Amino acid sequence: MTGEPVAGVERWGGYVPAWRLARAVLGRAWDTPSVPGERSVCAGDEDSLTMGIEAALACTGGDAGEIDAIFFATTTAPYAEKQGAATIAAVLDRSGVLTADVTGTLRAGTTALRAALGAVRAGTARKALVVAADARPAEPATTMEQLFGDGAAALIVGSRPVAEVTGEASVAEDFTGPWRRTGDPYVRSFEPKLETEYGYLRPVERAVREALAAAGITPDAVSRFAAYAPDSRAWSQAAKRAGLAGGRDPLLAQVGNLGAAHAPLALCAALDEAAPGEHIVLAGQGEGADALVLRVSSGVEAARPAASVAGLIASKRMLPSYESYLRFRRLLPSDASDPRSSTVTYWRDRAQALPLYGVRCTACGVVQFPANRSCIECFAFDRMEPAKLARRGAVFTFTLDHLAGGEYLETPVPRAVVDLDGGGRIFLEVTDADPRAVRIGMPVELTFRKIHEGAGFKNYYWKARAARVAPQGSAPA
Amino acid sequence: MPGIRDRVAVAGVGATRFTEHWEKDQEDLLCEAVDEACRDAGIDKSEIQAIWVGVYYPFTGLAGTAAADPLRLYGIPATRVENYCTSGMDAFRNACFAVAAGVYDIVLACGVEKITDQGTRGLPNVREGAHPFLPAASAPALFAMAATRCMEVFGFTKEDFARVAVKNHANGAKHPKAHFRREITMEDAIGAPMISDPLGRLDCCAVSDGAAAVIVTRPEIAKRLNHKDDYVVAKANAIAVTTAAPMYKPSFDYLGFPATQIAARMAYEEAGITDPARQISFAEVHDCFTITELLNYEDLGFCSKGGGARFIAEGHPAPDGDLPVNPSGGLKSFGHPIGATGCRMIAEVTRQLQGRAEGVQVRDPELGLAHNLGGPGAVCSVTILGRA
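Top to bottom, those sequences are chains P and B. In terms of the working numbering, the numbers along the first sequence are unbroken and rise by one, the last being 477. In terms of the working numbering, the numbers along the second sequence are unbroken and rise by one, the last being 1388.
Just chain P, with the same shape it has in the complex:
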């Protein structure tokens, strides 16, 4: 590939929801054998897009400068008609960018990465952001319900990479399994043996061998295999057939099969630990396969995100029961209240709702939210300038509210008045929290969530949560 423009991964960041379900709970609920370990479960206020935005913010650190293209890869887009990548762009405060959703296949993440690499090499994007996320629906009482997990990963692709992509290959095949028709509630599978051998192993082996050849290296030069696999056994077989050394997938045992996000998040985990000079093979599968070879270079340590994938996996809360999983997944009908909403006001307030802008009074300096014509403190009129709010702060006061939507909840919803770092006071629900742990002065970070679906659309906004993961290199909290 001599002479080709250099492109590869400059930064990365992952997201694993806080909630886990022991697979034994699912086995007990249905009287079926249990797969060992746990799976991640996104909360009722999360979906692929909110998880993807978590990963995007972790990856960019909120600085999306020079990102000219944003790809959102998922098989579980929140909307059939409405682009997720545009929402990511809005939250990142980038409007003059190419956006696209890559959907409909489990290899959407690796395919989006190849598209991003192409844009950077072609010079149509200085940097491109790939966001992959999935929360695939599994039919109750199936093995898939135990194996699947929810999560997201984000990668910034650019021309000054710490992990240069040195070889790529794709294989396209028509293959049925697993699949989900438009309108199907759950992922379907017909014959797992066939699906593993012919749908997974063979195209993955071919793509990996071709990518290695393109990179000009042999399998024994590869130290890490970051790959999608339907289960742990298939992952090991894929590594072996491609001639790659042993090792283990970092996600399947304790997080699950993350669909389109699996290979990208496995790459994040590999980059968290890889040393300069290592070669990583990345492989995604679905109606064929994509494979990429990455060569890690110096600077990889400095590029590491604040939270490692291992840290995210270790930071967890256990779901107590199958019923709580059903509630998160909305698998049971509910006559919950229908909150009022309006696409008109949501659009008008988009700068506040998505990139989280307040205003600063130029007369008295107070940062405030929501935006006003007149200052809430000194009452000066039309002296406001936009102020980007910090996504960190501390609880000023709070309550644990048992009354919500006209119903009494046994487990209360914490609601907090939060003073944001750098100014601005905001009133937020505290999510993913042990209510008893909320305190005055508690440090919180803002997390992008689905508030409700009033007026038949997804009303996304921010909530607060206790800071989850200690930065890499510091002592665990």
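No farther apart than 27 Å at their CA atoms in a straight line, the calculated lysine-lysine pairs in the DSSO-like style are these:
| hint | chain 1 | residue 1 | chain 2 | residue 2 |
| --- | --- | --- | --- | --- |
| 1 | P | LYS82 | P | LYS450 |
| 2 | P | LYS458 | P | LYS388 |
| 3 | P | LYS240 | P | LYS193 |
| 4 | B | LYS1174 | B | LYS1024 |
| 5 | P | LYS388 | B | LYS1249 |
| 6 | P | LYS450 | B | LYS1249 |
Which chain B residues stay away from chain P? Per the calculated CB distances, all over 12 Å, these:
| hint | residue |
| --- | --- |
| 7 | ASP1006 |
| 8 | ASP1025 |
| 9 | ILE1043 |
| 10 | LYS1045 |
| 11 | GLY1075 |
| 12 | THR1157 |
| 13 | GLU1159 |
| 14 | ARG1181 |
| 15 | PRO1219 |
| 16 | ILE1221 |
| 17 | MET1266 |
| 18 | ILE1273 |
| 19 | GLY1306 |
| 20 | ARG1356 |
Quick caveat, the hints were computed from the structure, so don't treat them as lab data. Remember, predicted model here, so these are calculated numbers, not experimental data. Virtual Cβ for every residue (Gly too), placed ideally from N, Cα, C.
Once you have looked at the hints, place chain B on chain P.
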């Protein structure tokens, strides 16, 4: 500004029982309260020249027709007043101002709310026009955030909150129109299930239905009506509106409600009161939650800032204390049919000053204060009444 001091009289008052009125609708309740007020004043309802009706929820009533239709008082001005939980006392203010202006001789201030028809736990949510993404918080949640701060800064405890609940329930147990007519213990109050931590169920007033009505006139006309010898006059009325979004105001300390402090200062000035703790004989205050009553003591100047817990621990607001507060039993015992509460307070203070309280009668009152607080501490109305 001349104000309304001694220029407006309360000629008669009426109120329904406050409870879950499953068999009555809002029109039944309003008719019942207005009929009692007219009979108390000794007038026929046809003598009413203008109406202000306090209603908060749109499902209870819209526009002036909320009063004109049930009363069949057509062809005269009738105005719906909505100002959060202060709607009822703001209806009374409008009635007082119209009489003081000399435009009318006899007018009606009334308020009603029929909440239990909605089938919700707690207050129904009304969020039209709100940001679609802003979190919906229950009414107790908004006041619980003040309780949390006061526990942190002043050292208030669940026991301090419970003293308010025990006192008001003891008073309400003696009032025939109260929703809850039973005494409770400190253990009951402290051990009640949490609603919005740290506020438990007995820290919260109930959801109730009810209506109240006040006939307002000029003193010289009151002298010709039923209460010619014991009519009551207004010494002051003040309303203050502050922000409905204190949770977004960086300097809001959650240790009191500026709306009450401002309204009280204005009312004391109009009434010529310089030392409210000594000059006010008793008060009906807005105890939507126990923490609110503790903060009202401070905001109304009955004690120093942060001194609310000590004020009740020392017995000052007890019925036999030196400044009885909520001798009726307050919102704690009556519940809070939003639009009705402010007018009920005027009715209670009037009857106390006339020595004919329906429940606990305080001794020889000269000046009575009524305090109505709305929203998240956003709107406050303070009225001071005295014997003519």
